[in-house]
Amino acid sequence: MAARAGEWLLPAIFFLLVAVLFPFAIGPERALLARIAPAILWVAALLAALLPVGALYAADAADGTLDQFAVRGVAGETLALARIGSLWLALAVPLLPAFPLAALMLGLEPSAWPGHAARLLGGLLGLAALANMAGALTLGARGGGGLAGLLVLPMALPILIFGVGAAGGTAAGPGSAALWLAASVLLLVAVAPFAVAQALAGTRS
Amino acid sequence: MHALANPARFRRLAEALTPWLAGAGLLLVGTGLFIGLVLAPADYLQGQSVRIMYVHVPAAWLALGGYLGMALAALTARIWKHPVADVAVHAIAPVGATFAAVCLLTGSIWGRPTWGTWWQWDGRLTSMLLLFFLYLGVIALLSAWDDRAQGARAAGLLAIVGTINLPIIKFSVEWWNTLHQPASIRLSGSSIHAAMLQPLLISAIGFALLFAAAVFMRMRAILAEQQREARLRRRAVAA
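First to last, the sequence lines map onto chains A and B.
Its first residue numbered -11, the first sequence is counted upward by one per residue in this note's numbering.
Its first residue numbered 66, the second sequence is counted upward by one per residue in this note's numbering.
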């Protein structure tokens, strides 16, 4: 990923913008906004994670970096795992300071912030895995952006459901939703490197 | 399986099988729907509306089974580089998506009189919608490259990864006990009366045969198209 100045801030700005869109769309009713704030924050984070999908592998495929890694015997799975970790950092580091700002504007109870932020951080790891999978699968495809959305959004639903469920509490209790969230994130992180490696190998042959 | 790796031989086989599958499928669907819509008793609780079950349930089964078949074909293509398996992925995707759409539509129509709503955010409904989106993702990937093999590779990968969703759909009615009823038909027995179960099974087998016939027809069409492209390429090289 190219590190142009200010580019690393893009996910945070996007996250804030999406979170701010909702009060405009729904109206400034504090009680309603506070109630749906966790859902808004999760949707905003999901969309922010979708943002860099198209750029994840495109430049490295075009200038031959991916081929160089392959020639030097770096396993595709290792590369994918490193990419998932780095995307997670690239998303989590800017989103962490943006989170209290958005939570404050939406009127979320301050006592709930640490819990939400922790779950969001965990969920972002799963979203980073999904984004890498979509980025590798759509490498060189026509209509990349919309296509990536079509791939990521359905697969991200468990994270969204259990993430927000962990926040609001489901019938089975908030604890079980947090465990389900952790399970879906771990499953995605375990599967994604292999899928990414296979997809990247496919573009080389 | 390796005998079928020869596209020409597969096409001959598919050509011979298609009319039988389609004929038997139409016959069984006709019989099943006639018994189901005319002869079978109405439900004591749901009245006549229960009759949509004879379309809804087979569509749901086939949408799920079709996805599993597509994922298995993708796995076969990946492991054995089976040339016909790739074509199968390509052929199953739109047919399965159609059945998923039929399942969602009939379910919605059925839900209106019995549940009082067209749509409810219930576990089974939502995960079926998810399956439909997965099908759409596979279809979109298939046609996203000029190189057909590249699209087949990516779509096959997505199909394999997407199988994570199948157990979620299957068990959604047990995990989230919301609106959709739990499965009535299990391997250990059925809670549906024989008068309703019989037409249901007949129409389900019929729809399955029609599904297979449609897939075989699509596979033949895709293979023919590939052959034509290859021939055009050869002619262009020769010229």
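Because the hints were derived from the structure by calculation, they are not lab data.
Note that the coordinates shown come from a computational prediction; the quantities given were computed from them, not determined experimentally.
The reader is advised that the hints may include incorrect statements.
[As the list claims (entries may be wrong)] Cβ pair distances, simulated, as ranges: (1) A:VAL8 / B:ARG177: 51 to 61 Å; (2) B:TRP85 / A:GLY133: 28 to 38 Å; (3) A:GLY133 / B:ALA73: 33 to 43 Å; (4) A:LEU(-2) / B:LEU78: 51 to 61 Å; (5) B:GLN292 / A:ALA106: 49 to 59 Å; (6) B:GLY112 / A:LEU(-2): 25 to 35 Å; (7) A:ALA27 / B:PRO178: 24 to 34 Å; (8) B:LEU91 / A:LEU174: 25 to 35 Å; (9) A:GLY61 / B:GLN292: 20 to 30 Å; (10) B:ILE144 / A:VAL59: 22 to 32 Å; (11) B:ARG177 / A:MET93: 36 to 46 Å; (12) B:THR228 / A:LEU109: 27 to 37 Å; (13) B:GLY112 / A:ALA178: 42 to 52 Å; (14) B:THR228 / A:GLY61: 55 to 65 Å.
[Claimed, not checked] Coverage of chain A stretches by chain B, computed from C-beta distances (three or more under 8 Å per stretch; other residues unrestricted): (15) 70 to 81; (16) 106 to 112; (17) 138 to 149.
C-beta atoms are modelled at their ideal positions from N, C-alpha and C, and glycine is treated no differently.
ask   = Broken hints, numbered, in rising order?
value = 1, 2, 6, 8, 9, 14, 15, 16
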